[in-house]
Amino acid sequence: MKQLIIGVVMTISCYGYNQTCTYTFLGELSDFHDGSSIASATIYIKERDKYIVSDFDGKFKIENLCNGSLTLTISHVACETKTVSIDIKGDTSTSITMEHHIEELNEVSVKASMSRTETKTAQETVIKENVLKKYSSLSLGDALKEVSGVSSINTGNAIVKPMINGMHSSRLLILNNNVRLQDQEWGIEHAPNIDINSASQISVIKGSGALAYGGDAIGGVIVINPNRVILKDTLFGKTTLSGQTNGKGLSLSTSLNKYYENGWFANVQGSLRKNGDFNSPDYILSNTGLNSQGFTIRSGKKNFESGFEVFYSYFKNEIGILRASHIGNVQDLVDAINSQEPLFVQDFSYDINSPKQEVTHHLAKALFYKRFKNFGKLNVQYDYQNNQRFEFDVRIGDARNRPALDLNLQTHTVSSDVVLDSKSNYKVKLGLMGRYQNNFANPETGVRRLIPDYDKYDFGIYATTEHQLNDAVTLDGGLRYDFNRIDAKKFYRTSRWEERGYDIDFSDFVIVDLGTQLLTNPVFTYHNFSASTGIKYQINETSYIVGNYSLSSRPPNPSELFSDGLHHSASRVELGELRLNKEVSNRIGASYKYSDTNFNFNLEGFYNRIKDFMYQEPVGIEQTIRGAFPVWNFVQTDSDLYGLDLNTDYNISESLNISNKTSYIIGNDIEKDRPLISIPAFNTRNSLSYTNESWNKFSAALTSEWVFEQTRFPNNNFETFIAATDETVLVDVSTPPDAFNLFHFYSEATFKTSHNTSLNIALSVNNIFDTNYRAYLNRLRYFADDLGRNILLQLQFNY
Amino acid sequence: MKTQINNMKTFKFLFAYFLASTLLISCSNDDDNPDPVNEEEVITTVRLTLTGGGSTVVFQSQDLDGDGPDAPVVTMTGSITASTQYAGSVQFLNELESPAENITTEVLEEDDEHQVFYGFSGSAGSTVTYTDMDDDGNPIGVNVSFNSGVASTNNVLTVTLRHEPNKDAAGVSGGDISNAGGETDVAVTFSYDVN
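Top line first, the protein sequences correspond to chains A and B.
Be aware that the first sequence starts at 1, since it is given in my numbering, and climbs by one per residue.
Be aware that the second sequence starts at 1, since it is given in my numbering, and climbs by one per residue.
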């Protein structure tokens with residue numbers, strides 16, 4: 001019976017082949033990149049339900065074919081399985097290309113713990129999703145402190161700016177899904193506009209090794225990537241809900257991801273966060289609440305040969321600034337420093353009043369790529385960003401609800417690169433970037449513009465290469481040129497213009513003379529060259545060393561050029577300097593890394609010499625109707641920074657682990673022979689953790705965060721006359737606060753709720769002993785203690 | 001051979017593409033000039049007028065460039081007679097506007113959030129007592145009574161305007177600034193002799 005059925009099927013099949021089934025098909029398989037033959041590939045002939053194998057030259061032959069279509073499914077080790085349909089018209093021959101570099105397609109089979117690094121020889125650390133989830137209700141700056149050598153410079157506890165090896169703001173590049181963030185990052189009080197919940201992985205690169213992103217990363221590069229695209233029909237998501245006692249905060253974040261085997265994908269993600277006034281151990285930090293909303297949408301199609309992606313992200317932050325930090329003159333500052341408690345403390349509230357910031361950031365991008373045979377891959381990207389920043393001051397009368405600062409920054413960028421990867425041990429990347437930026441400072445504020453209206457044009461061109469010399473040695477290198485032009489329209493008070501001597505050096509810039517003020521049109525052009533080179537040597541299975549050198553240069557930012565006015569919370573007049581030229585950094589770094597199953601050790605050292613380093617220093621006192629203020633100018637000096645970052649962890653037993661992260665950095669002003677300001681003190685973080693996989697992946701960790709007192713600082717203290725007490729006092733703005741040691745606890749467990757859903761519950765306590773402390777790198781340290789104990793409970797539902 | 005031709009085609013395409021993208025980034029420069037900011041709530045001038053003993057004395061501190069480099073210009077007209085009671089009133093002006101904007105009006109509109117303090121040093125022993133009050137019965141300090149004290153030279157008077165002081169703190173309603181808090185909007189000093 002069985003034979004009969006087979007016989008019938010065979011007959012029908014044969015009949016289908018028609019009378020003239022005598023043609024031959026010759027196929028030839030080759031690699032997409034370098035054209036080499038692919039031998040021993042399996043070819044499945046659908047119409048015949050039969051398998052054949054390609055020969056040594058990648059060729060194969062199918063005989064006795066009739067006219068019509070022929071479907072072949074070709075598979076080979078380390079290649080993407082490919083199905084092709086061939087139209088047979090007589091004897092036919094075709095060459096078929098296969099893709100060898102399957103890892104770039106982000107197959108699901110790739111182990112989930114594998115991390116994608118951005119560079120080969122730079123000092124790069126990757127923070128993965130399972131670590132990032134701890135920071136769901138915090139900020140980017142908080143999460144980055146997971147990396148040894150990364151700290152932050154804060155304004156209160158909601159404005160957290162990352163700092164890499166002592167560098168921050170304009171000296172760091174932040175990339176959100178391959179778009180360089182343009183969000184008035186020059187401001188020390190301007191937190192990066194990134195929703196931490198939209199990141200799936202973050203890379204921190206110390207130094208400017210990643211030239212493709214920019215040539216001005218004197219401090220480093222932070223690369224934030226969303227989820228990888230998976231080529232599989234699947235739908236998954238997660239929802240995170242967390243609550244915390246300090247600030248009585250709640251946050252909610254949710255994401256949903258849909259992928260298709262044919263390459264189409266769509267991700268949506270959104271988050272909300274609300275906090276009231278935070279508290280220090282002894283008092284409420286009045287007006288430190290926070291409201292934050294963000295969402296991202298991403299969709300596209302990813303195939304091997306071509307693909308595209310569209311991405312949009314929205315992020316809005318409303319951040320209250322500690323009310324007690326808003327002061328009017330130096331006497332108020334002296335009162336604040338001398339007072340143990342802030343001079344303005346009210347009952348807990350969710351209200352956010354002035355002073356506050358309201359910042360909205362839109363980011364949209366479109367990316368397209370295509371691969372060319374025997375050549376490489378071309379990427380083309382356009383992105384647009386719109387950053388709207390309002391800052392509200394404590395004002396009187398009708399102006400009470402009007403912002404004191406209203407800046408709108410729009411940026412358009414077109415970028416493109418080609419990756420030439422046809423040789424498996426050699427890769428070259430060439431790229432171009434063009435950018436136009438417009439800043440608009442709204443005059444309706446009724447307050448003189450802090451930053452003027454300007455147009456900025458940037459153009460960059462670069463080439464990077466990567467060469468795998470042999471199994472042990474990888475070399476890389478790159479060159480980049482950037483052109484920057486800033487064209488500003490700024491009003492100067494005539495008195496300031498003359499006091500700066502600009503009437504002599506820059507008289508050409510004046511376009512309108514209004515008597516007491518001048519409208520000027522400063523135009524500056526900068527040419528910047530940057531370069532990097534590095535080597536990675538794999539000593540053996542468990543250890544390697546990395547060495548790299550980078551040259552980077554950064555033109556002055558709008559704040560360094562144009563700042564002009566009284567900075568209230570700092571009680572000083574801050575002045576930009578039109579004569580600044582670019583700063584140039586020469587940095588060398590070396591790392592040693594050892595890792596086996598029980599022990600990891602990573603030591604990174606660097607030396608960064610910066611010529612014409614731009615910074616602010618006090619230069620004198622000016623009298624105003626509010627009293628006398630110190631004047632801080634932007635100046636340039638030669639400086640050097642060097643330090644060591646250490647990261648170790650050791651499994652004492654299967655369930656117990658100890659880890660340590662330590663960093664030490666020194667910064668010097670070489671010309672003045674004194675320490676640089678705002679350099680993080682020696683700090684060390686030690687953890688003891690217990691893990692038990694069989695108890696629902698339970699883990700618990702106790703961490704000590706020990707920050708020493710910074711003993712190296714420049715003395716910028718000054719004297720002022722206090723009328724109330726009829727005496728002259730020394731205003732100590734320089735001395736760093738005492739050392740502190742905080743203890744934190746974190747524990748989590750994951751419960752399976754069904755075949756493919758799970759619930760992760762995390763409980764953590766920060767500052768367990770409610771220790772009073774002030775941090776040197778918190779700009780509000782003169783006014784109040786830092787945060788007291790905070791208990792957080794987080795539920796994460798994965799589905 | 002075929003590969004080479006393909007490569008050439010690819011190169012040509014890329015070259016053309018890069019050229020096009022470079023041209024796209026063209027510069028458009030509009031010549032619109034920004035409007036000057038109409039500075040509000042700036043106090044350029046503090047004027048304290050004392051009337052008593054048949055004469056008028058005016059202390060004035062004027063800083064027309066605001067936070068600019070020029071120091072305030074301090075002037076005094078008239079002379080102060082010893083042991084004389086003067087009726088004093090202080091005026092805050094924004095002279096960047098034309099006509100000058102009287103900021104004192106705004107201070108008085110929000111009188112519960114403002115207080116003017118008077119501090120003295122020198123041997124005259126001059127004193128000030130508040131003669132006005134807000135709705136809560138606390139002093140404002142725009143109108144005061146000034147007692148000149150004894151004849152002496154080089155006395156110093158400091159006039160301070162505080163925004164959002166704590167008027168209920170100890171001594172504040174009596175004119176002691178030590179516990180007042182808030183932020184300083186004006187702090188000017190005048191040197192004077194008592195004849």
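Derived from the structure by calculation, the hints contain no laboratory data.
Ideal Cβ placement from N, Cα and C applies to all residues, glycine included.
Errors might be hidden in some of the hints.
Just the calculated beta-carbon pair ranges, DEER-fashion [to be verified]: (1) B/Ala170 <-> A/Leu250: 56 to 62 angstroms; (2) B/Gly78 <-> A/Asp513: 49 to 55 angstroms; (3) A/Ile511 <-> B/Ala170: 54 to 60 angstroms; (4) B/Ala170 <-> A/Gly237: 42 to 48 angstroms.
These stretches of chain B come out as covered by chain A in the derived footprint (C-beta under 8 angstroms, 3 or more residues) [unchecked claim]: (5) 32–41; (6) 69–83; (7) 101–111; (8) 131–142; (9) 145–154.
These are the hints, each one checked on the structure:
1. B/Ala170 <-> A/Leu250: 56 to 62 angstroms: 40 angstroms, violated
2. B/Gly78 <-> A/Asp513: 49 to 55 angstroms: Since glycine 78 of chain B and aspartate 513 of chain A have Cβ atoms about 38 angstroms apart, the given range 49 to 55 angstroms is violated.
3. A/Ile511 <-> B/Ala170: 54 to 60 angstroms: 56 angstroms, holds
4. B/Ala170 <-> A/Gly237: 42 to 48 angstroms: Hint violated: Cβ distance 59 angstroms, outside 42 to 48 angstroms.
5. 32–41: Three-residue rule met by the stretch 32–41 of chain B, so holds; n is 9.
6. 69–83: Coverage by chain A holds here, the residue count being 4 at a Cβ distance below 8 angstroms.
7. 101–111: holds (count 4)
8. 131–142: Violated, because only 0 residues of the stretch 131–142 of chain B bring their Cβ atoms closer than 8 angstroms to Cβ atoms of chain A.
9. 145–154: violated (count 0)
Hints 1, 2, 4, 8, 9, counting from the list given before, are not met by this structure.
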